[in-house]
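Kindly generate the complete structure, drawing on both the sequences and the hints.
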Amino acid sequence: MAKDWDAVAAAIRARLAETDMTQAELAARAGVALMTVRELQHNLKPRRRSPRTLNAVSEALGWPPGRIAEILEGDASAADEVDPILRELDAVKQKLSAVTARLDALERRLDRPGDPA
0 MAKDWDAVAA
10 AIRARLAETD
20 MTQAELAARA
30 GVALMTVREL
40 QHNLKPRRRS
50 PRTLNAVSEA
60 LGWPPGRIAE
70 ILEGDASAAD
80 EVDPILRELD
90 AVKQKLSAVT
100 ARLDALERRL
110 DRPGDPA
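So in numbering that gives the first Met the number 0, the last one in the sequence shown is 116, and the numbering has no gaps at all.
No lab work stands behind these hints, which were simulated from the structure alone.
For each residue, glycine too, the CB sits at the ideal point set by N, CA and C.
Taking CB as the label site, the calculated pair distances span:
(1) Lys-94 / Asn-42: 38 to 48 Å
(2) Arg-28 / Arg-111: 46 to 56 Å
(3) Leu-102 / Arg-51: 41 to 51 Å
(4) Lys-92 / Ala-1: 37 to 47 Å
(5) Ala-90 / Arg-111: 30 to 40 Å
(6) His-41 / Arg-108: 55 to 65 Å
(7) Asn-42 / Arg-107: 54 to 64 Å
Structure representation (structure tokens):
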């Protein structure tokens, strides 16, 4: 199967935008050259990359180590999968909403005049 470097580039661009991270920050976090990040992000030189480089960039983006390799091999679900941190954040938001609703209900009961809360 052909390598999908365009999908890798699109996923990296999207992730950088999501995290508000610059190319320089990504390069520093991954321990790779800035040119490597540019080439990956814009699909400038589609060529074989070492698994170590791809894993380092994946991890620096907050993804599991093999994520870029999965996208490269055509696993679209890997690119679209919700980040585990975002999934956890959604769960926390839901719990906070439930607690807030209960607190609002209690406050309404306490605010009723003549009601023996």
